[in-house]
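Visitor: If you want the building blocks of each chain, they are given just below.
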Amino acid sequence: DAGVIQSPRHEVTEMGQEVTLRCKPISGHDYLFWYRQTMMRGLELLIYFNNNVPIDDSGMPEDRFSAKMPNASFSTLKIQPSEPRDSAVYFCASSLSRGGYTFGSGTRLTVV
Amino acid sequence: AQSVTQLGSHVSVSEGALVLLRCNYSSSVPPYLFWYVQYPNQGLQLLLKYTTGATLVKGINGFEAEFKKSETSFHLTKPSAHMSDAAEYFCAVTTTGTASKLTFGTGTRLQVTL
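Sequence order for the protein chains is A and B. Read the first sequence against this note's numbering and you will find it ends at 112, with the numbers running on by one and no gaps. Read the second sequence against this note's numbering and you will find it ends at 1114, with the numbers running on by one and no gaps.
Just chain A, same shape as in the assembly (with noise of 0.2 Å):
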């Protein structure tokens, strides 16, 4: 098993831009979450997905995120446009009804 696929591994971008991340999830899982990694507020949840369905996105900073899960093997989190500070490492994971996380390498994301 591949494990949880992230796209791309880095991202630079201007202030302002569309940017989004991909993920793949482990095939089989019915969960799927999107986590943000910065030093100063550490990890938090942004949304996750049962069965391709949003069931929490408290997370979600402001209107200009949002995520998709189309399927059960794709995700997609887009922010737009962006700021400086949504920098941050950005982790997908992924699991089953019974089952720990599995989380991807992440994407970090750089806003210059």
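Keep in mind that the hints are not guaranteed to be accurate.
Below, a list of computed lysine to aspartate or glutamate pairs in the DMTMM-like style, where the Cα atoms sit at most 25 Å apart [stated by the list, open to error]:
#1 B:Lys1101 with A:Asp57
#2 B:Lys1101 with A:Asp63
#3 B:Lys1101 with A:Glu44
#4 B:Lys1049 with A:Asp30
#5 A:Lys68 with A:Glu11
#6 B:Lys1101 with B:Glu1088
#7 B:Lys1049 with A:Asp56
#8 B:Lys1049 with B:Glu1088
#9 B:Lys1049 with A:Glu62
#10 B:Lys1058 with B:Asp1085
#11 A:Lys68 with A:Asp30
#12 B:Lys1058 with A:Asp56
#13 B:Lys1101 with A:Glu14
#14 B:Lys1069 with A:Glu62
Among chain A residues calculated to face chain B with C-beta under 10 Å, some are [stated by the list, open to error]:
#15 Phe33
#16 Gly42
#17 Pro70
#18 Ala72
These are calculated hints, taken from the structure and not from any lab test. The beta-carbon is built from N, C-alpha and C at its ideal position, and this holds for glycine as well.
Once you've looked at the hints, dock chain B against the given chain A.
Guide: Coordinates of chain B only, in the frame set by chain A:
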């Protein structure tokens, strides 16, 4: 609401010494508790978890943790540290099933010296 507190943002031990990383939780219902490890530029990897049953849980890489309800603690230990154990360690809690959203602690960076 559930939460975890990790005591000590940085811990330094000598190679071969005991590793003890502290985690206390707060929960109004029985918790499920986890320890994750993060190596530089990598995602988090599950070390071990407690759900129900035996309170002493063994994980990968020689780590173990004990769930102590009376102390609301879930400390992580390893009898003998190895240089490869240097990483950041996160304690996490959930109360509604092991797939539900985890609440993470702020992390403890473990340094292992010669």
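Visitor: With reference to the structure, classify each hint as holding or not holding.
Guide: Consistency of the hints with the structure:
Restraint check for Lys1101 (chain B) and Asp57 (chain A): satisfied, since their Cα atoms lie roughly 11 Å apart, inside the 25 Å limit. Distance restraint check for Lys1101 (chain B) and Asp63 (chain A): the Cα-Cα separation of roughly 21 Å lies within the 25 Å cut-off, and the hinted pair is therefore satisfied. Taking the CA atoms of Lys1101 (chain B) and Glu44 (chain A), the gap is about 11 Å. The hint holds against a cut of 25 Å. Distance restraint check for Lys1049 (chain B) and Asp30 (chain A): the Cα-Cα separation of roughly 20 Å lies within the 25 Å cut-off, and the hinted pair is therefore satisfied.
A hinted pair counts as satisfied when its Cα atoms are at most 25 Å apart, and Lys68 (chain A) with Glu11 (chain A) qualifies at roughly 19 Å. With a C-alpha separation of about 20 Å, the suggested pair Lys1101 (chain B) and Glu1088 (chain B) falls inside the 25 Å cut-off, and the hint holds. For the given pair, Lys1049 (chain B) sits about 23 Å from Asp56 (chain A) by alpha-carbon distance, which is consistent with the 25 Å threshold. At roughly 17 Å between alpha-carbon atoms, Lys1049 (chain B) and Glu1088 (chain B) fall within 25 Å of each other, so this suggested pair holds.
Annotation: proposed proximity of Lys1049 (chain B) to Glu62 (chain A) is violated, straight-line Cα distance about 33 Å (limit 25 Å). Our distance criterion of 25 Å between C-alpha atoms is met by Lys1058 (chain B) and Asp1085 (chain B), whose separation comes to about 16 Å. Taking the CA atoms of Lys68 (chain A) and Asp30 (chain A), the gap is near 14 Å; set against the 25 Å cutoff, the hint holds. A threshold of 25 Å between alpha carbons decides the hint, and for Lys1058 (chain B) with Asp56 (chain A) the separation of about 32 Å lies outside it, so the pair is violated.
Restraint check: the Cα-Cα separation between Lys1101 (chain B) and Glu14 (chain A) comes to about 32 Å, which exceeds 25 Å; the hinted pair is violated. Of the supplied pair hints, the one linking Lys1069 (chain B) and Glu62 (chain A) is violated, its CA atoms being roughly 38 Å apart against a limit of 25 Å. Taking 10 Å as the C-beta cut-off, the interface hint given for Phe33 (chain A) holds, the closest approach to chain B being about 7 Å. The beta carbon of Gly42 (chain A) comes within 5 Å of a beta carbon in chain B, closer than 10 Å, and the hint placing it at the interface holds.
Checking Pro70 (chain A) against chain B by beta carbon gives a least distance of about 21 Å; that is not within 10 Å, so the hint is violated. Because the smallest distance between the Cβ of Ala72 (chain A) and any Cβ of chain B comes to about 15 Å, over 10 Å, the interface hint for this residue is violated.
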